[in-house]
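Trainee: Sequence:
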Amino acid sequence: MEHDPVVTKSDPPHTILPRTAFPIARLALGALRCLPVAFVLAAVVALSFRSGGYIFPRTATVVFILVPLAAVWVWLAPRRLTLGLPAFVALAAFAAFTAWTGLSIAWSVGPDLSWLAFDVTALYLLVAVVVTATPAGPAQLRLAGYGFVAAMVPVAVYAFLGKVLPEVVTHAHLYARLSAPLGYWNVLAIMLVMAIVPALEGASRRSLPFAFRGACAGALALFAFTLFFAFSRGGTLALALALVVYFVLTNERLQGALSLVLTAVPVAAVLYHGRHLDTLFNATTNDALRTAQGHLFGRWALAAICLAIVAQVIVALVGRHVSLGGRSRQVVGAVALAVALAVVGLGGLAFASRYGGVAGVVHKVAHQFTSSDSSANPHTSGAGRLLALGSNGRIPMAREGVKGFRQHPLAGSGAGTFRFTNYLYRPNASFVVKHAHNQWINVLSELGLVGLVLFALAIGGLVFAALRPVGGAARALDRGLLAALQAAIVAFVFHMTIDWDWDMAAAAVAFLLLTGVCAAFVRHQRAAARAGIALGGSDAAQV
79 MEHDPVVTKS DPPHTILPRT AFPIARLALG ALRCLPVAFV LAAVVALSFR
129 SGGYIFPRTA TVVFILVPLA AVWVWLAPRR LTLGLPAFVA LAAFAAFTAW
179 TGLSIAWSVG PDLSWLAFDV TALYLLVAVV VTATPAGPAQ LRLAGYGFVA
229 AMVPVAVYAF LGKVLPEVVT HAHLYARLSA PLGYWNVLAI MLVMAIVPAL
279 EGASRRSLPF AFRGACAGAL ALFAFTLFFA FSRGGTLALA LALVVYFVLT
329 NERLQGALSL VLTAVPVAAV LYHGRHLDTL FNATTNDALR TAQGHLFGRW
379 ALAAICLAIV AQVIVALVGR HVSLGGRSRQ VVGAVALAVA LAVVGLGGLA
429 FASRYGGVAG VVHKVAHQFT SSDSSANPHT SGAGRLLALG SNGRIPMARE
479 GVKGFRQHPL AGSGAGTFRF TNYLYRPNAS FVVKHAHNQW INVLSELGLV
529 GLVLFALAIG GLVFAALRPV GGAARALDRG LLAALQAAIV AFVFHMTIDW
579 DWDMAAAAVA FLLLTGVCAA FVRHQRAAAR AGIALGGSDA AQV
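Numbering-wise (the numbering used here), the sequence shown opens with residue 79 and increments by one.
Quick caveat, the hints were computed from the structure, so don't treat them as lab data. Beta carbons are placed, not taken as given, at the ideal position from N, Cα and C, and that holds for glycine. All clues stand as given, with none of them false.
Per label pair, the in silico range of CB-to-CB distance:
(1) Val339 - Val145: 41 to 47 Å
(2) Ala370 - Phe290: 34 to 40 Å
(3) Leu194 - Ala381: 43 to 49 Å
(4) Val510 - Leu315: 25 to 31 Å
(5) Leu374 - Ala138: 38 to 44 Å
(6) Asn329 - Pro487: 42 to 48 Å
Sequences and hints are given; from them, build the entire structure.
Mentor: Structure below.
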C-alpha cells in the first residue's frame, strides 16, 4: 500500500473534524487555511505592477511584507501539517537548490549577482513551502483558481488599455507588442495563458451561478485580446498545450468546448474586422492616428466582451432546463472534435504554404538548429511575427550556455552570471543577454550539474505531486478546476523551457502557488479516497 503522508509537525491523529462537531471552529480553520493563498495572490498582483518582480529593489517591498506574513502563518498554523512523499522530496531538493545558489557566491564570477539570485530563490522556497504544506480542499483550490483569474483581470485591463486608450496609458508606444505592467511581453503572455484555463473552466462549470459564469467568460475574452496583442509565439504554443491538457483531463469537455467557442468567435470576429487598423498591429509614431484607431477598436472589443458574457449567461440558463443524454453528448463531442481538428489542420497547411509547404517548414526549423546567427532583433514588433519561424537567437544562446557548462561542469559560473557567459561566447550580437532563455540550460550554465539535478528534482517533484491522479475522487465536483490548474502548470513548465519566466517573480510565484495548492489538494483527495471519504463542494470548510 502507498504511504503518502510525511508528518512535519505532530499533533492528535485526527486532521478532519467531524461534520457536526464545532462548526465555528471548522469554519475558522478553513478560513485560516485560505490565508496563505490570499497572501500569495496579493503578492502576484503587487509584483505584476512592480516590473513583474524582475527589478529587485522594487520586489523587495513586496518581500518585506510577505515574509512576516509567512512567519505569522507558521506561528498560527494548525499544529499538524503533512506532506506527501513527492512533495517532501521536492521541497527538500528546493531547499538544497536554494542553499547551493547561496553557496555559489563563493566561486561566482559575479558574487553580487549571485547574492541577488539567492534572495529571489529563497523567496520562491518560502512560497513553495508555505503553500504546499498547507492542507488544501475545495475552498483553497477555488480561491487559487478563480482568485488567480481575478488577480489577472487588472493586469490584463492595464495592458489592453495601452491599445485602446494609448493617450492615457502610454506604455505601448515604442513597440506594437503589449508588455506592461510586467515589462516583458512573453511573461505577460504566459501569465495570461495560466489564467485563461481556469477562466474557461469557470465559464463552463454548470454548478456555478450564471452571473459568475458570465463574468468568467468576460475575463476569458479580455485575456484573449490581451494575449493576442502580446504577439508571443511561445505564449500561443503554451496556450495550445494548456488547452490540450485541460480537455484531456477535465470531465466537462463539451461544456468547455462550447464556452471556448462562445468566447473565441466574437474575439476572432473583432480582430478580423479590425485588421485594417494598422497602428494596432505595427509600431507607429503617429499619435493621433493611433489614438483614433485605438478608440474605435476599443468599442468593438468591449462589444465582443459583452457578447461573450451574454452568450455564456444564456447558455447557462438554457442548460438548467436542457440536458443532453450520453449518446447525444458523444455525437456533439465528436462533431466538435472533428471541426477543431479540421480548423487546426487547415490552419497548419495554410501556415506551411508561407514557407513552401511542410518540407519548407522542416527545412526552416532545421536551419534554426544549425545556424549560429544570434543577431536577431529582440524588438521585432509587428503582428506578422506570430506567423514567422525562427528562434530569435534562442538556439545560439542555448549553445552558449552549454559552452559555459563545459568550462565549469560541476558547480557552474555562479547564480545570475549567464550574462558573462553570453559576453564570452556570443558570435556577432551587439547586446548582452542576461538569461539563456531556457531555464534548464541557464541553471546548468550558472550552477553546474549539481544545480541542475537539484532544480529538476524540485520542479519535477512539485509538478509530479500536483499532477498525480486523485483516485476515487476523479469525478469530484472540483475535478474540472483541478484539471485547469494542472494545465496551467504544464504550460508554465513548457514556457520556461523557451524563455526566462523564472527570473520574473510575478510569474514564478504564480506557478508555485498553483502547483503547491494542486499538490496539497491532490494529497487531500487521495487520503480521503483511501479512507473511503467522499469530499464534495459542501466540505470546503472541513479542510
